[in-house]
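Note that the protein sequences, when read in sequence, are chains W and V.
Going by our numbering, the first sequence opens with residue 277, and the numbers climb by one from there.
Going by our numbering, the second sequence opens with residue 938, and the numbers climb by one from there.
Treat the hints loosely; a few may be bogus.
Here are the simulated EDC-like pairs of lysine to aspartate or glutamate, each with C-alpha atoms no more than 16 Å apart in a straight line [to be verified]:
| hint | chain 1 | residue 1 | chain 2 | residue 2 |
| --- | --- | --- | --- | --- |
| 1 | W | K318 | W | D350 |
| 2 | V | K943 | V | E994 |
| 3 | W | K320 | V | E1029 |
| 4 | V | K943 | V | D997 |
| 5 | V | K958 | V | E994 |
| 6 | W | K320 | V | E1032 |
| 7 | V | K1000 | V | D988 |
| 8 | V | K1000 | W | E333 |
| 9 | V | K943 | V | E1016 |
| 10 | W | K320 | V | D1022 |
| 11 | W | K320 | V | E1016 |
| 12 | V | K943 | V | D988 |
| 13 | V | K977 | V | E1029 |
| 14 | V | K1000 | V | E942 |
| 15 | W | K320 | V | E1026 |
| 16 | V | K1014 | V | E1042 |
| 17 | V | K977 | V | E1032 |
| 18 | V | K958 | V | D997 |
A few chain V residues facing chain W, derived, Cβ under 8 Å [claimed, not checked]:
| hint | residue |
| --- | --- |
| 19 | F968 |
| 20 | S1004 |
| 21 | P1006 |
| 22 | F1017 |
| 23 | G1019 |
| 24 | G1020 |
| 25 | D1022 |
| 26 | I1023 |
| 27 | E1026 |
If you want the footprint, here are the derived chain W segments under chain V, 3+ residues with CB under 8 Å [to be verified]:
| hint | region |
| --- | --- |
| 28 | 314–327 |
| 29 | 336–342 |
It should be emphasised that the hints constitute simulated quantities derived from the structure, not laboratory data.
Ideal Cβ positions, reconstructed from N, Cα and C, are used throughout, including at glycine.
The residues making up each chain are set out below.
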Amino acid sequence: MLTANELRDYIMNGLPCDHVEVLGDDGQHFEALVVSPQFTGKNKVQQHQLVYFALGERMRAEIHALSMRTLTPDAWAQSAIK
Amino acid sequence: MNIQEKIRNQVTANTVVLYMKGTPQSPQCGFSDAMVQLLKACGVNNVTSVDVLADPEIRDGIKAYGSWPTIPQLYIKGEFVGGADIVREMYEQGELQKLIQSALE
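Please work from the sequences and hints to get the whole structure.
Take a look at the structure:
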């Protein structure tokens, strides 16, 4: 069964991130907060696409549902979600 | 007509199109249901929807079309707007309402 920690590693291995948090303990439904400098200058669709790209085939094969919040390092520094 | 052309026709022939699991009356997934409710909150009560569970070709085809691996997917005026998370964020920030209003004018 896929764990939140494994999913966190998958994301971090595929995308340079400042910070990643993943929640979810049923092996299928996860929530992630991803902070990456690569998001700078990109819209939300492009930001989520970068995370999906990092997960590649796993998104199709292993992950049923991934709810995501993506932030640039600047937006994260200003936000209250810490 | 191949599947990509068929999808392009669907998203350009209708102002707002939702690709979802199930139907607005009987959604088969919480994310799809959430999307229907957000659209209703923006005044779109009878959204044009496509049930991907009814058509495996569309289900795969729309993932390629939007370069997006998940369902639901929302299109407005032929443009991919986002999946469930992005659309919810846009609604919370008032952007979805504006986008829909100007699209329907």
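Status of the hints after comparison with the structure:
1. K318(W) to D350(W): holds, 13 Å
2. K943(V) to E994(V): holds, 10 Å
3. K320(W) to E1029(V): holds, 14 Å
4. K943(V) to D997(V): holds, 13 Å
5. K958(V) to E994(V): With Cα atoms ~14 Å apart, K958(V) and E994(V) stay inside 16 Å; holds.
6. K320(W) to E1032(V): The hint holds at about 13 Å.
7. K1000(V) to D988(V): holds, 14 Å
8. K1000(V) to E333(W): Status holds; Cα separation ~13 Å.
9. K943(V) to E1016(V): Holds, at about 15 Å.
10. K320(W) to D1022(V): holds, 10 Å
11. K320(W) to E1016(V): holds, 14 Å
12. K943(V) to D988(V): Holds: K943(V) and D988(V) sit about 14 Å apart, inside 16 Å.
13. K977(V) to E1029(V): The hint holds at about 14 Å.
14. K1000(V) to E942(V): The hint holds at about 14 Å.
15. K320(W) to E1026(V): holds, 10 Å
16. K1014(V) to E1042(V): holds, 12 Å
17. K977(V) to E1032(V): holds, 15 Å
18. K958(V) to D997(V): holds, 13 Å
19. F968: holds, 7 Å
20. S1004: holds, 6 Å
21. P1006: holds, 5 Å
22. F1017: holds, 7 Å
23. G1019: Because about 6 Å separates G1019(V) from the closest Cβ in chain W, which is inside the 8 Å limit, the hint holds.
24. G1020: holds, 7 Å
25. D1022: The hint holds - D1022(V) has a Cβ within 8 Å of chain W, the shortest such distance being about 5 Å.
26. I1023: Result: holds, 5 Å to nearest chain W Cβ.
27. E1026: With a minimum Cβ separation of about 7 Å from chain W (threshold 8 Å), the hint on E1026(V) holds.
28. 314–327: holds (count 4)
29. 336–342: holds (count 3)
Violation of the numbered hints given earlier is absent; every hint is satisfied by the structure.
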